[in-house]
Amino acid sequence: MRRYIVRQLVQFVVVVVGISMLSFAILHVIGDPVLLLLPQNAGREEFERYRRLLGLDQPLPVQYWKFVSRAVTGDFGKSWYGDVPAFPLVLERMPPTIYLTFAGLGVALAIALPLGILSALRRHSFVDNLCTALAVAGQAMPIFWLGIMLIILFAVRLRILPASGYGTWQHFVMPAFTLGAFLAPITMRLVRSGLIEVLNQEYIKTARAKGLGERLVVVKHAFRNVCIPVITVLGLQFGQLLGGAIVTETVFAWPGVATLTVESIRNQDFPVVQCAVVLLALIIVAVNLCVDVIVGFVDPRIRVRA
Amino acid sequence: MGRSRLAMLLLLALVLVLPAAPVAQTKDDTLVYALQSDVDSWDPPNSVLREAIILGYHVFDHLAVRDLKTGRVAPHLATSWKALDDTTWEVKLRKGVRFHDGHPFTAAAVKATFDRVLNPENKLTARGNHAKIKSVEIVNDHTVRFRTDGPYPLFVERMTAQVMQSDKIIKEKGHQWMQENPIGTGPYKLVKWSRKQEHLLVRNDDYWGAKPAFKHVRIRIIPEMATQIAELISGGVDVIKAVPPDQMDVIDKSGRARTSTSPILRTAMLQLDQAGRSGKNPFQDVRVRRAANLAADMDAIIKHVLNGLGDRTATGVNPMAFGFDASLKPYRQDLAQARKLLADAGFPNGVDVRFRTGLQIVEPGVLQTNEVIVADLAKAGIRAQQNHMGEVGPYVAQVKEGKAGPMFNWSWGYYSVFDADAILYDVFKCNEAYSYYCNKELDDLIISGRSTLDPKKRTDIYVKAQKLLFDDAAYIYKWGLRGVWGISSRVDYTAPRDEIDRMFIVTPRKK
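Protein chains in written order, with our numbering: chain A, 2 to 307; chain B, 20 to 530.
These are computed hints drawn from the structure, not numbers from a lab.
Predicted model only: the values in this text are computed from it and were never measured.
Any given hint could turn out to be false.
Covered by chain B, according to a simulated footprint, are these stretches of chain A (three or more residues, beta-carbon under 8 Å) [to be verified]:
#1 14 to 21
#2 46 to 52
#3 84 to 96
#4 186 to 196
#5 205 to 219
The beta-carbon is built from N, C-alpha and C at its ideal position, and this holds for glycine as well.
Next comes chain A alone, as it looks inside the complex:
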């Protein structure tokens, strides 16, 4: 296990360095941030002064090295807008995104597990076909559209939920459902096919032959084995979920890190983008690490092998 974790950590460093280099390069390609920072009528010498001030007049490798050497100490520099240190700025916006992502995950599981199990048990029945149709519809629906439709229905027509914002549990309902609906279809299909496969195995026959109730067979014997691929895929989908969070946050005016990142890219606010990218990469890698540990917990074979 220790060797495994060390390997993961090395991988993590490679991933983060790679991502920060890539985002650094891309940011520099898309244009000159000083053009956006200064008013349109600023003079040429003003631009030159700003460029020097921000260190943008130095060669790229030098700029990157300066960034890295400070970043390892947790200093990502100050946002070029408003003179705020980038690290606390990003950190402050992290919790709303994390709540939203987990709430979305919860909704996805709440939808996917029962429906997936039901479809598997009643294969090719009306219920199964209905679930398949729902899954296709759910997968085909853009998050953006679903979000707006929910707002129109629950905020504008029924007036039972706030259209946007952050602060109370009511604010969570629509964003969490929007994000959950995006992840639910794939999870549901996975549960269904996994369960069908497992239910055909010999040990299930044995369990049934022992006279166990169907409920016990499904929940205790079959489902545990279905969990392994589901958890793995959910871990892999986590990055996707953060991507979905960007759109969800925008629609519902959710003050999370995803909108901050997009806005900073737009403003070419390098320090904030770099900081957000590194922290998001850290979260994704950490989640994948957790997934591996959880899978080990669920599946004793992996634990024993390690």
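Given chain A, work out where chain B should sit, using these hints.
Coordinates of chain B only, in the frame set by chain A:
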């Protein structure tokens, strides 16, 4: 046991980290205003964003402000001003005004404010607005003199663009503190700022001017326009701005809100590369530029594509700007004449040009109007190939670097200075970053227009300049834009022509 304990812990963790309920205010005494993006700082001279100007108006005061009824600059913290000579302005200040912390507003505050902005070491972005001011002198507690570098006719306009900050705060608290703690003399005080989420303001009950009707103002950041409209209709927000023309019906038919439009100080054009900044091109010939102006039926576009939300202009000068010549009639569509001019210029079979498009956030409906203009141009033989760029930053950079020619859509907001000079200098003068036009004769007019303080002389100069720009068809002239606001049925508010929303003039609607 183990599993249930884990569940309990998770639940507890969730309860602990969930955000607390917001500050208690009642709906009746709170007004809610939405913005698409947040400010980066509460120090207006340190920001280039319009949102910062709008927020600044609520917490700070200016020496002068625009009277929304007449459109003229009117006294505010300054009670009067006059030019003592070509390079000296004397300004008398209002007495008995105090900052939110109780410190009195005097000439020292005016001097400290301008000294801070003008000092290049402070790297404040507002410096460019006031670079013509050389120094500020205190005559007595309520009189200041501004010395300018040459005659400065825009001085009075520019007074509306600088908030007055406290000399005590500048000296004792300093730049860093001022970024998040605005201490002004304005009608509201900042209570709480949750970045990218909302600002909560409370009425300044000691305000020297008219007291606002609402005790609290919440300014919410809602990036998505569709969400803003939903909030407006469901009663979550009272005022929104920049509503797209095609959404007006949704609001007007909701029964819970209405739209209000106002001409705004922004002129839209299709700039042509007469100066040849992007290389040799057909628009360097005046006949081709005239043909382009004669090809498009702008009146029909305003009426049918923009729902009437545009005011046709003969040149780039906006009807609300000082110096605008109302007697100059715009080009009218004449396809036969356009084709003839094109043939005379050596293009009997028409001509192909690249047309750079973008900036749909700045100019709502621009992509739709571009389509119609392209179709009209094609009828005259000018085949424009559209080349779209979605992001504002890179688009502006292309324009600035001279790479956007030979034709691109552009609009100009005058830096909120209601004067012809604010567009002529930046968008029509030789070698300016946003200008793709170069004409020595026009440059002379522009320079003489900013070298005198006499309004009569200046008007004559700008009338000449507009005639020249019209005859030479510098760019394809379109229209002055109109803004659209969404306003909840429970309040009264009139859309402001300077695009600076003022929540302190909003009142509850009389039933």
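To see whether the hints hold, each was checked on the structure:
no.: 1; hint: 14 to 21; result: violated (count 0)
no.: 2; hint: 46 to 52; result: holds (count 3)
no.: 3; hint: 84 to 96; result: holds (count 6)
no.: 4; hint: 186 to 196; result: violated (count 0)
no.: 5; hint: 205 to 219; result: violated (count 0)
Of the numbered hints stated above, those contradicted by the structure are hints 1, 4, 5, listed in ascending order.
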